Amino acid sequence: MECLIGIKGKDFVIVASDNMAAHSIIAIKHDSQKQFELSDRMVMAVSGDAGDMSNYAEYIQKNLKLYEMVQGYKLSPNAAANFSRKVLAKALRSNPYMVNLLLAGVDETGEPSLYFMDYLASMAKENYAAHGYGSFFILSTLDRYYREDMSKDEALDLLKKCIKEVQSRFIVNLNAFSVKIIDGNGVTEVADIPGRGTVHKDVPLEAIHPLLAKA
Amino acid sequence: AVVSTQSTGTSVCLRGDVIVVLGVEKRSVPKLQDERTVRKIHKLDDHVCMAFAGLTADARILVNMARVECQSYRLTMEDPVSMAYISRHIASVKQHFTQRPGLRPFGLSALIVGFDYDGSAHLYQTDPSGTFHEWKANAIGRNGKTVREFLEKHYTDEIAASDEACSKLTVRALLEVVQSGGKNIELAVMRRGKPLEILDTKTVEKLVEVTEAERDAEAEAKKKAAGKS
Numbered sequence: 074m075e076c077l078i079g080i081k082g083k084d085f086v087i088v089a090s091d092n093m094a095a096h097s098i099i100a101i102k103h104d105s106q107k108q109f110e111l112s113d114r115m116v117m118a119v120s121g122d123a124g125d126m127s128n129y130a131e132y133i134q135k136n137l138k139l140y141e142m143v144q145g146y147k148l149s150p151n152a153a154a155n156f157s158r159k160v161l162a163k164a165l166r167s168n169p170y171m172v173n174l175l176l177a178g179v180d181e182t183g184e185p186s187l188y189f190m191d192y193l194a195s196m197a198k199e200n201y202a203a204h205g206y207g208s209f210f211i212l213s214t215l216d217r218y219y220r221e222d223m224s225k226d227e228a229l230d231l232l233k234k235c236i237k238e239v240q241s242r243f244i245v246n247l248n249a250f251s252v253k254i255i256d257g258n259g260v261t262e263v264a265d266i267p268g269r270g271t272v273h274k275d276v277p278l279e280a281i282h283p284l285l286a287k288a
Numbered sequence: 314a315v316v317s318t319q320s321t322g323t324s325v326c327l328r329g330d331v332i333v334v335l336g337v338e339k340r341s342v343p344k345l346q347d348e349r350t351v352r353k354i355h356k357l358d359d360h361v362c363m364a365f366a367g368l369t370a371d372a373r374i375l376v377n378m379a380r381v382e383c384q385s386y387r388l389t390m391e392d393p394v395s396m397a398y399i400s401r402h403i404a405s406v407k408q409h410f411t412q413r414p415g416l417r418p419f420g421l422s423a424l425i426v427g428f429d430y431d432g433s434a435h436l437y438q439t440d441p442s443g444t445f446h447e448w449k450a451n452a453i454g455r456n457g458k459t460v461r462e463f464l465e466k467h468y469t470d471e472i473a474a475s476d477e478a479c480s481k482l483t484v485r486a487l488l489e490v491v492q493s494g495g496k497n498i499e500l501a502v503m504r505r506g507k508p509l510e511i512l513d514t515k516t517v518e519k520l521v522e523v524t525e526a527e528r529d530a531e532a533e534a535k536k537k538a539a540g541k542s
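Residue numbers (my numbering), protein chains in the order written: chain H, 74 to 288; chain A, 314 to 542.
Source of the hints: derived by calculation from the structure; they are not laboratory data. Treat each hint with caution, since some may be false.
[Claimed, not checked] Just so you have them, the derived chain H footprint on chain A, three or more residues with Cβ under 8 Å:
| hint | region |
| --- | --- |
| 1 | 421-435 |
| 2 | 515-523 |
[To be verified] Example chain H residues on the side facing chain A (calculated, C-beta under 10 Å, incomplete):
| hint | residue |
| --- | --- |
| 3 | Gln134 |
| 4 | Val143 |
| 5 | Pro283 |
Every value quoted in this text rests on a predicted model; they were computed, and no experiment measured them. Idealized CB from N, CA, C, for every residue including glycine.
Let the hints inform the model, and build the full structure from the sequences given.
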């Protein structure tokens with residue numbers, strides 16, 4: 074039910090993920106963070122089994138940090154992606170990580186890259202990618218409107234278009250999406266793209282049912 | 314093993330309130346050798362670093378073990394290591410090697426310094442035997458004793474409160490045993506919340522100049538006072 078989107082531009086990558094954590098038909102959390110910063114220029118968005126998601130992403134995060142400490146320099150997004158894929162592949166035939174992910178990063182020269190990986194340890198370097206049921210709608214939209222020379226604003230508009238499509242045609246309401254942009258200056262968190270419905274927070278009891286009003 | 318800790322140049326370390334300073338005596342590097350590979354100040358994590366005196370190869374192993382431990386701790390505890398924790402870890406590794414058959418002790422003393430999660434600065438020293446103690450300021454290596462005695466005389470809480478004073482005292486302490494000049498001193502500074510900063514030669518030389526001038530001025534003042542009385 075989760076949705077991840079990645080769009081690469083000339084010198085930036087945008088990653089968006091929904092904020093819902095669900096167990097079967099219940100949404101237990103509306104503000105879960107599915108994006109993990111692997112370094113100051115790399116982000117990994119994960120979806121899949123809840124425990125595996127954080128376990129795997131944090132494992133990759135700390136191993137990349139260790140490499141940086143021991144060797145004295147950071148790994149490039151290409152190296153980090155291949156390392157992540159290797160971890161998935163080694164576990165696949167014994168104790169697989171049930172996670173699908175997008176790894177986005179900008180390397181030292183300013184070159185952006187976006188990697189699509191799934192739970193079977195496949196990897197593809199793409200200009201745009203998506204995970205989840207939403208990908209059926211998103212990939213069609215991106216196939217139609219994506220251009221390699223888009224500016225950040227144009228790419229964000231295209232992202233909003235994709236999310237609007239998901240919110241309109243996917244039967245599950247995924248509500249808000251978190252968006253991060255990675256460019257030569259690092260990772261920036263952009264304002265959430267709001268959902269259709271609002272989450273009930275601090276609603277007074279009377280509003281829920283008149284009988285609950287204090288006498 | 315203790316003898317090998319005396320074989321290399323002096324390392325000195327000061328713990329201030331919001332800053333920690335490491336000073337290391339730099340051996341003169343042969344012309345064809347790349348200076349960057351002769352490092353005695355190592356970063357263990359974003360908030361911890363260590364200087365050592367003794368066998369460089371042994372230090373490399375310990376440093377990498379400590380780096381793995383720092384990340385492993387972050388992975389399981391979701392928190393950065395405290396200075397006490399990582400010093401105890403390094404010390405117990407060292408102790409392990411003194412008590413197992415077929416192993417020899419690590420030939421180095423380490424000065425581990427950094428900031429805890431609550432922002433407080435700490436400095437720990439470990440020995441080849443595996444003991445560790447907390448210090449406010451310490452020196453190890455060839456002329457460690459001389460430098461330590463100098464620090465005992467001159468370290469005050471006032472100095473600890475000022476960034477600049479800490480750096481100057483470190484330089485001054487090293488100058489007691491090291492030939493003058495920025496080429497022979499490597500200085501690293503870590504401020505609370507900021508990454509380790511290894512100062513470049515120019516900055517070090519300027520600091521050495523300022524410190525030497527202050528020291529000479531003090532000596533002059535003392536002479537005059539002695540002359541009067």
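Against the structure, the hints:
no.: 1; hint: 421-435; verdict: violated (count 0)
no.: 2; hint: 515-523; verdict: violated (count 0)
no.: 3; hint: Gln134; verdict: holds, 8 Å
no.: 4; hint: Val143; verdict: holds, 6 Å
no.: 5; hint: Pro283; verdict: violated, 44 Å
The structure does not agree with the numbered hints 1, 2 and 5 stated previously, though it agrees with the rest.
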